[in-house]
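Colleague: Listed below, chain by chain, are the residues.
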Amino acid sequence: MSLIIDIIISGLISGSVFALLAIGFSLIFGVARIVNIAHTAFYMIAAYCIYFVTHKMGFHPIWGMVAAIALVTLMGLISYKLFIKPIREHEGAVLIATIAMAMAFQEVMSLIFGGSYLSVPSLIKGYFVILGVKVFYQQLLTLCAALIILTVLWVLLMRTKLGLAIRSTAQDREVANLMGINESRVAMMTMGLSVGLAALTGAVVVPLTVLEPHMWMHPLIMMMAVVVLGGLGSLKGSFMGAYILGFAEALVVFLAPMGAFLKGSVALSIMILVLLIRPEGLFGVSFEEER
Amino acid sequence: MDLILFYLRKLFTVLKNEVFVLPSRVAVVLFFLLLLLFPLFTQDPYLLRILTLTSIFAILAASWDLLSGFTGQMNFGHALFFGVGAYGAALLNKYVGIPPWGTIPLGALGAVLAGLVIGIPCLRLRGTYLALTTLAFPVILMGIVFALPGLTGGELGISGIARLAQSRVANYYITVVLMLGLCTIMWKITDSNTGIIFHAIREDELAVRAAGINTTRYKLLAFCLSGFFAGISGGLYAHFMRIAGPSTLEVSMSFQVVIWAIFGGVATIYGPVGAVFILFPLMELLRFWQDYRILMFACIVLLILLYMPDGLFRWLLDKIEKECPRCKIRSVATRKTCRVCTASLD
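The listed protein sequences correspond, in order, to chains A and B. Following our numbering, the numbering of the first sequence begins with 6 at its first residue and continues without gaps. Following our numbering, the numbering of the second sequence begins with 7 at its first residue and continues without gaps.
The reader is advised that the hints may include incorrect statements.
As the list claims (entries may be wrong) - Partial list, computed: chain A residues near chain B (C-beta under 10 Å):
| hint | residue |
| --- | --- |
| 1 | Gly63 |
| 2 | His95 |
| 3 | Ala98 |
| 4 | Ala102 |
| 5 | Met108 |
| 6 | Ser115 |
| 7 | Ser127 |
| 8 | Thr214 |
| 9 | Val215 |
| 10 | His223 |
| 11 | Phe266 |
| 12 | Ser274 |
| 13 | Glu285 |
No wet-lab data here; the hints were simulated from the structure. Treat the numbers as computed from the prediction; the structure is a model and nothing was measured. Here a beta-carbon is modelled for each residue, glycine too, at the ideal position from N, C-alpha and C.
Isolated chain A (complex conformation):
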């Protein structure tokens, strides 16, 4: 029984994290056709930023989170302006520019903080017990925060003018431009939104994970799997795909022997199996081939 609760909690948390990351990633992909490999590197920077503010400067973690989100969004916009915008027309070049950015961030972090494992104190201490399983308040907090962020994002995308602009640019860049939407400004804002989401994700999840310069790799792979599984550009798909893969990971970790090694393999195999049946992902729309 306690095993089931463990699985549910861990599945919900990793699912929410993947959902937040994947939605940010597919937003910028949809609007600007940028495959941002550095997306999870921004999540890592946010986590390190909180560590710095709480441990080195001694402020309350809340201030760390605020600083992290502001700083990372700013960094995202600057790096977009400097490195991605000038070469946006060349898809391959954008791809390796973002890979190189991620590598550069990883190295800068390991130069500043070293390669060792670090951790951040949780926002609320303590835990309660259901059916013999310790549930930390921090876990509940992370879960709630993730759900609130997702709701706010949904409102932003579906109920505001900016959301309308983002969605229409994602559907058809040229027509959106003809309708008087400043396409490059929308792309810029989406980049800020997407990177800000990555930073928020880092902020809510950092007390539950360990910090190290390579921490962006695993979420990157899972995030991409989620995006492909749900269907590129489909927010609902990313949401569902994230929980499917999150629970798959949790199940493997708790039930299978050598689970910790196999968790990525099993989750990714599920993705490939789904793709064999539905090549456009769970909720993706199969467009007529673009020519």
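Following the hints, complete the assembly by docking chain B onto the known chain A.
Modeller: Showing chain B alone in chain A's frame:
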């Protein structure tokens, strides 16, 4: 005797009329000569080691280009082929006792199988979907490697494999000659009819299918060919380093290949090879700043891309050579008229 003289004269004419008129061809000839004659000048073990590793990775980068550059099937999991080649060669050598000249081709055949296995589900995907999906395969295999430590050595990998050859110079010549040979073969493939179909698939798959060509078969062929060459480089790596570890399957390995190829210029074969020969020794040069070297590497790649988004060698080629507007034959940029049809070049 006459025959030899005839071939000599023919060689001379070809050199004079086709090679020495274009700086890029001269550069290729010099590159071949320099690599083949290098051990005559110095036998410094460190330099030989770097060049050997560079050659191995040059095969890998060129094989990525063959698949992703030419057919446009963005493969983000190229480390899979490399890893399968390396682990295949290592397992065969350690447990069956086959010497390197047997294990490397067999490992490459394993990589061809891997190409088929991932090629079949990937045929239905295209563009970004394909890129993101292929990223998953090396990760899956890595999970399996870690889950079977008895067979694969887990995190430590398989060590104690037979040497490629007994001496350093022999190692060097085996890899360099193989590299030059395999890259020439890849270049020939891309220059043949098949290569033209690969180009066409990247540009417009629907049109190719409408022309009555079975694109599925050609895409699978590209996966298999690319897997074969990458598998050979994996096997060479395993036997040269005498270890096949999980680092051959890492995500960063796949990314590295993509960086090399796009840095040099895709769909050229010579681009990725040249890029490896610049970037890999550069990484070694930067080892004096051990802590900063990956950072510097990333910055160099970013800066060069800002000015040459089509890749370094495409940019260079456009600077030193011009294409004749009438007959599409290239001439040196300093010429005013085309070297064949004497049309004005401007």
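Colleague: Look at each hint and say if it fits the structure.
Modeller: Hint-by-hint comparison with the structure:
Nearest Cβ of chain B to the Cβ of Gly63/A: about 27 Å, over the 10 Å cut. The hint is violated. The beta carbon of His95/A is positioned within 10 Å of a beta carbon in chain B (closest approach about 4 Å), and the interface hint is therefore held. Annotation: interface hint on Ala98/A holds; nearest CB of chain B at approximately 4 Å, less than 10 Å. Satisfaction of the interface hint for Ala102/A is found here, the shortest Cβ-Cβ separation to chain B being roughly 5 Å, below the 10 Å cut-off.
The beta carbon of Met108/A comes within 4 Å of a beta carbon in chain B, closer than 10 Å, and the hint placing it at the interface holds. Checking Ser115/A against chain B: minimum C-beta separation of about 8 Å stays under 10 Å; hint holds. Contact between Ser127/A and chain B, as hinted, is not supported at the beta carbon level, the nearest pair being about 30 Å apart and thus beyond 10 Å. The interface hint given for Thr214/A is broken, as the beta carbon of that residue sits about 18 Å from the closest beta carbon of chain B, more than 10 Å.
The criterion of a C-beta within 10 Å of any C-beta in chain B is not met by Val215/A, whose closest approach is roughly 18 Å, and the hint is violated. Below 10 Å, beta-carbon pairs count as interface contacts, and His223/A has one with chain B at about 9 Å; its hint therefore holds. Satisfaction of the interface hint for Phe266/A is found here, the shortest Cβ-Cβ separation to chain B being roughly 4 Å, below the 10 Å cut-off. A hinted interface residue such as Ser274/A counts as satisfied when its beta carbon comes closer than 10 Å to some beta carbon of chain B; here the least separation is about 6 Å, so the hint holds.
Evaluation of the Glu285/A hint against chain B yields a held restraint, the C-beta minimum of about 8 Å falling below 10 Å.
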